[in-house]
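K.L.:
The opening position of the sequence shown corresponds to residue 1 in full-length UniProt numbering, with each subsequent residue numbered one higher.
It cannot be assumed that every hint is accurate.
[Stated by the list, open to error] Simulated crosslink set (DSS-like; lysine-lysine; CA at most 27 angstroms straight-line):
1. 38 - 3
2. 54 - 38
3. 103 - 71
Calculated directly from the structure, the hints in this document are not laboratory data.
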Amino acid sequence: LVKAQHPKITYADLYQLAGVVAVEATGGPTIDFVPGRKDSAVCANEGLLPDFSKGAQHLRDVFYRMGLSDKDIVALSGGQILVKSISKLLKEESAQLLHPLDKALVDDPAFRSYVEQYA
Numbered sequence: 001l002v003k004a005q006h007p008k009i010t011y012a013d014l015y016q017l018a019g020v021v022a023v024e025a026t027g028g029p030t031i032d033f034v035p036g037r038k039d040s041a042v043c044a045n046e047g048l049l050p051d052f053s054k055g056a057q058h059l060r061d062v063f064y065r066m067g068l069s070d071k072d073i074v075a076l077s078g079g080q081i082l083v084k085s086i087s088k089l090l091k092e093e094s095a096q097l098l099h100p101l102d103k104a105l106v107d108d109p110a111f112r113s114y115v116e117q118y119a
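Please put together the full structure from these sequences, using the hints given.
P.N.:
Written out as structure tokens, the structure reads:
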């Protein structure tokens, strides 16, 4: 719908703008939006995201290199979503069904404090 009303905006900019708005709408910092991304028909190489199954320290190794904090990692990872039912999940057999990223966020005390803060 947005693309139909604003045909000059690229999908790349539209997705970036959606992310900027989502971060601010959920209580995160205001992030400047700078348009100008080009759409591409070619996908990026796989393996650019961290291997979430490697746990909390791996996430820190990857994101700290970008200057991000534990709080930033949790916010970018969507930790505020999983907190609503996390205590129930961790006490039941369904805990094994958690995505590796969610598991890393709740197993690590520092990450978990931010997950609970965003709840």
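K.L.:
Please name the hints from earlier in the document that this structure breaks, with their numbers sorted from lowest to highest.
P.N.:
2
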